[in-house]
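Peer 1: The hints should help you fit chain B onto chain A, whose structure is shown.
Protein chains: 2
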Amino acid sequence: MYVGTEFLKIKESEDAIDIIQNLFDKYYSPESEEIPVADAYGRVLFCDVLSQMDFPPFDKALKDGFAVKAEDTFGANDEIPNSLEVIDFLEAGSTTEKIVENGKTIEISTGAAMPQGADAVVMVEYCDKKGDSVDILKSATPTLDVAKKGSDIEKGKLLMEKGSLLTPGKIGVLLSQGFETVKVFKKPSLGVISTGNEIVTQDMELTYGKIFDVNGNMIKNDAISCGANGEFLGIVKDDYNQLKTKIQESLNKVDILICSGGTSAGLGDVVKHVLDELGQVYIHGISVQPGKPTIVGVVDGKIIIGLPGNPVSALMIFNVFVAPAITKLSGINYDFAKNTTKGILQKRIHSPVGRMQYQLVKIDGDKIYPIFKDSGAIFSLSTADGYVKVLKSVELIDKGEELEVFLFNKLI
Amino acid sequence: MYVGTEFLKIKESEDAIDIIQNLFDKYYSPESEEIPVADAYGRVLFCDVLSQMDFPPFDKALKDGFAVKAEDTFGANDEIPNSLEVIDFLEAGSTTEKIVENGKTIEISTGAAMPQGADAVVMVEYCDKKGDSVDILKSATPTLDVAKKGSDIEKGKLLMEKGSLLTPGKIGVLLSQGFETVKVFKKPSLGVISTGNEIVTQDMELTYGKIFDVNGNMIKNDAISCGANGEFLGIVKDDYNQLKTKIQESLNKVDILICSGGTSAGLGDVVKHVLDELGQVYIHGISVQPGKPTIVGVVDGKIIIGLPGNPVSALMIFNVFVAPAITKLSGINYDFAKNTTKGILQKRIHSPVGRMQYQLVKIDGDKIYPIFKDSGAIFSLSTADGYVKVLKSVELIDKGEELEVFLFNKLI
Numbered sequence: 013m014y015v016g017t018e019f020l021k022i023k024e025s026e027d028a029i030d031i032i033q034n035l036f037d038k039y040y041s042p043e044s045e046e047i048p049v050a051d052a053y054g055r056v057l058f059c060d061v062l063s064q065m066d067f068p069p070f071d072k073a074l075k076d077g078f079a080v081k082a083e084d085t086f087g088a089n090d091e092i093p094n095s096l097e098v099i100d101f102l103e104a105g106s107t108t109e110k111i112v113e114n115g116k117t118i119e120i121s122t123g124a125a126m127p128q129g130a131d132a133v134v135m136v137e138y139c140d141k142k143g144d145s146v147d148i149l150k151s152a153t154p155t156l157d158v159a160k161k162g163s164d165i166e167k168g169k170l171l172m173e174k175g176s177l178l179t180p181g182k183i184g185v186l187l188s189q190g191f192e193t194v195k196v197f198k199k200p201s202l203g204v205i206s207t208g209n210e211i212v213t214q215d216m217e218l219t220y221g222k223i224f225d226v227n228g229n230m231i232k233n234d235a236i237s238c239g240a241n242g243e244f245l246g247i248v249k250d251d252y253n254q255l256k257t258k259i260q261e262s263l264n265k266v267d268i269l270i271c272s273g274g275t276s277a278g279l280g281d282v283v284k285h286v287l288d289e290l291g292q293v294y295i296h297g298i299s300v301q302p303g304k305p306t307i308v309g310v311v312d313g314k315i316i317i318g319l320p321g322n323p324v325s326a327l328m329i330f331n332v333f334v335a336p337a338i339t340k341l342s343g344i345n346y347d348f349a350k351n352t353t354k355g356i357l358q359k360r361i362h363s364p365v366g367r368m369q370y371q372l373v374k375i376d377g378d379k380i381y382p383i384f385k386d387s388g389a390i391f392s393l394s395t396a397d398g399y400v401k402v403l404k405s406v407e408l409i410d411k412g413e414e415l416e417v418f419l420f421n422k423l424i
Numbered sequence: 013m014y015v016g017t018e019f020l021k022i023k024e025s026e027d028a029i030d031i032i033q034n035l036f037d038k039y040y041s042p043e044s045e046e047i048p049v050a051d052a053y054g055r056v057l058f059c060d061v062l063s064q065m066d067f068p069p070f071d072k073a074l075k076d077g078f079a080v081k082a083e084d085t086f087g088a089n090d091e092i093p094n095s096l097e098v099i100d101f102l103e104a105g106s107t108t109e110k111i112v113e114n115g116k117t118i119e120i121s122t123g124a125a126m127p128q129g130a131d132a133v134v135m136v137e138y139c140d141k142k143g144d145s146v147d148i149l150k151s152a153t154p155t156l157d158v159a160k161k162g163s164d165i166e167k168g169k170l171l172m173e174k175g176s177l178l179t180p181g182k183i184g185v186l187l188s189q190g191f192e193t194v195k196v197f198k199k200p201s202l203g204v205i206s207t208g209n210e211i212v213t214q215d216m217e218l219t220y221g222k223i224f225d226v227n228g229n230m231i232k233n234d235a236i237s238c239g240a241n242g243e244f245l246g247i248v249k250d251d252y253n254q255l256k257t258k259i260q261e262s263l264n265k266v267d268i269l270i271c272s273g274g275t276s277a278g279l280g281d282v283v284k285h286v287l288d289e290l291g292q293v294y295i296h297g298i299s300v301q302p303g304k305p306t307i308v309g310v311v312d313g314k315i316i317i318g319l320p321g322n323p324v325s326a327l328m329i330f331n332v333f334v335a336p337a338i339t340k341l342s343g344i345n346y347d348f349a350k351n352t353t354k355g356i357l358q359k360r361i362h363s364p365v366g367r368m369q370y371q372l373v374k375i376d377g378d379k380i381y382p383i384f385k386d387s388g389a390i391f392s393l394s395t396a397d398g399y400v401k402v403l404k405s406v407e408l409i410d411k412g413e414e415l416e417v418f419l420f421n422k423l424i
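If you read the protein sequences in the order shown, they are chains A and B.
Counting in the numbering used here, the first sequence runs from 13 upward without gaps.
Counting in the numbering used here, the second sequence runs from 13 upward without gaps.
Just chain A, with the same shape it has in the complex (with noise of 0.2 Å):
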């Protein structure tokens, strides 16, 4: 029953989150796809985007008013009015085949492309129109409330880098110009299986002896938080065949597949050894409370992680260990080291020697409050904030001392 379990040792948990990351390098590489720009809020750069017009597009008035040739203009003040013949009305978006030429203007709106001639917009604020002619009422030095053609970006330089992610403001950018579609990272496909004789669905009669499935829902919403698509593909019972043909269809579907409960060492153990027939495992066990019982295996160039079936420790391996490849495949630049607050603990934890623990915590502005109900206690997910690690050499950490809490929440 224990073939092949033995010859594995149990990771530490740093040496568990490289081998993980590790396995995700060699197994996927970020792929792209083109989406319109108009949906692409959240989603980040797959390559680095050039400009590829002028902006502005053309030599652009900035103020409503009259377009000159500047040098009709110096000397104008109230008291004497320079006084030029009105030729045209240009409104933003309409085009003339006059030429300001001198003692010419053309009335001018804000946005429009400046006439051939001119080279000065004079405020309606410093204007005085009277029927055919206007005074200008100031002088007005050359590209006075003109966007010269290309001011704002050159066609062909680097517009946003690869990695950028995209907020409304950077879609404005790709949309000035003139981009319909933009190449993205894809969204990496993540299905979940719930394993487990005892577990049913929201749809389906709870018996005595059952209880409702949590983790393939669950992990599906979190691999959503990480940016990947996520999945729950169903529940199977703890039965060798059926889970083995369960994760062969799964693998046609989906890039990285999550297979929850049946992983501990005790009676229903089955996905370690559906892992040693279809492919190899290379994490059996990880040194931390909770979800010692973690596998990790490649089947046909895929990766599976069966998680611990209890919710807790499901959400909190897949969070630690499995989350940081995610979002690094998806694209995101997301620092989960740095995602922290720091606080003052207010309860004594113990933790045992000799294993990484992550205690889950709540927190109340700089006060930290560890949840301390038994690793099954469902509830504990809707109160914790994120967790503080305890090492595996320290057996207690006292109240009163500053501790770093990392946080649970990614995106949102």
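For the record, the hints were derived by calculation from the structure and aren't laboratory data.
This one's a predicted model, so the numbers in the text were calculated from it and none came from an experiment.
All the given hints hold, so there is nothing to weed out.
The calculated DSS-like cross-link candidates involving lysine-lysine, where the alpha carbons are at most 25 Å apart (straight line), are: (1) B:Lys-350 to A:Lys-379; (2) B:Lys-169 to B:Lys-195; (3) B:Lys-249 to A:Lys-75; (4) B:Lys-404 to A:Lys-75; (5) B:Lys-304 to A:Lys-150; (6) B:Lys-354 to A:Lys-379; (7) B:Lys-161 to A:Lys-249; (8) A:Lys-304 to B:Lys-160; (9) B:Lys-374 to A:Lys-167; (10) A:Lys-249 to B:Lys-110; (11) A:Lys-374 to B:Lys-350; (12) B:Lys-350 to A:Lys-350; (13) A:Lys-169 to B:Lys-374; (14) B:Lys-75 to A:Lys-21; (15) B:Lys-304 to A:Lys-160; (16) A:Lys-174 to B:Lys-379; (17) B:Lys-75 to A:Lys-404; (18) A:Lys-249 to B:Lys-75; (19) B:Lys-350 to A:Lys-354; (20) A:Lys-354 to B:Lys-379; (21) A:Lys-256 to A:Lys-314; (22) B:Lys-38 to B:Lys-340; (23) B:Lys-354 to A:Lys-354; (24) B:Lys-359 to B:Lys-379; (25) A:Lys-75 to B:Lys-21; (26) A:Lys-374 to B:Lys-174; (27) A:Lys-38 to A:Lys-174; (28) A:Lys-374 to B:Lys-167; (29) A:Lys-350 to B:Lys-354; (30) B:Lys-169 to A:Lys-374; (31) B:Lys-374 to A:Lys-350; (32) A:Lys-110 to B:Lys-249; (33) A:Lys-75 to B:Lys-304; (34) B:Lys-379 to A:Lys-350; (35) A:Lys-174 to B:Lys-374; (36) A:Lys-304 to B:Lys-150; (37) A:Lys-304 to B:Lys-75; (38) B:Lys-110 to B:Lys-160; (39) B:Lys-249 to A:Lys-161; (40) A:Lys-379 to B:Lys-174.
Peer 2: Just chain B now, with coordinates in the frame of chain A:
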């Protein structure tokens, strides 16, 4: 041409924020919708949720081992084990009719319902099975390694409060209670119309004098980032009748309507006149830079906001004045005033006296760099991390001063 305008005094920035929030409070109430728990990531609970069942739903074994009457193990140790008759085997999810009486035990898996008569589990490590009997090597106290029914979650208690953001963990708790659906805040719908004779969509040819529309899809995406369903409704010319028809059509489709462009007091001003005819204008002009020509009106009980056509101004005005009201309506407990960071100004900022100025800035560590390009400069949308407020009484902020930066990033 300016009918009505002169009677509407320009609003101070703080007053405009209040007026807009009050209009939202008056004309909209948050609405709810029922969605699958499995798809609820990032949504916000509309009501308190009470637990609908005890969890665990039965006395549950927490370890693999043997279900016993604790009293049958008293005094047992390695040297003097107590031998019990094994009468059945219980996997998680299965049940038995058999009762554990004195001298008997049932082998049990983690997660299984405790059989009748047993009150403790002796871990498999402390048991030595021999055919139909087992030697118990350690004494157990009652309830050892048993999670009592309802010990984690008691039926009928407050499980989660209205306004809770549904994280993967909270979704897990709802799943454990068997909820298939959950009532969340419905996303308000927001439509954006871009107005202007000079703008074309990205699938159209950019003839001379035209520019690509930015605001439609940019503001759509910013609305999405605030928890709304954003939609770009298309471009209309700066034409009174076209705009009027488009606004009337759009009000049948969306809750909140944004019109960008056509709001200055210049030649192309049409939004104001249409709103004057169709409904009531509450704000025409806010004493801010950039973005003075902002309009807020109500037509048929729906709020219409006219943003400046300039994308930098439009995004700034939307973020400062509209986004807080939209996140509130979306149920998102997001405090814009707290999404700030402090830093040291690296270059002097000049500001017009008499108007609040929002100065775009870029941040590098604790260094703040103002982005000084003309307010039409699209590229600054890509580089700005946020803005600093320059109060209307302030003319200059000197290099070296510590300032608070309001950050643009919201939900991501």
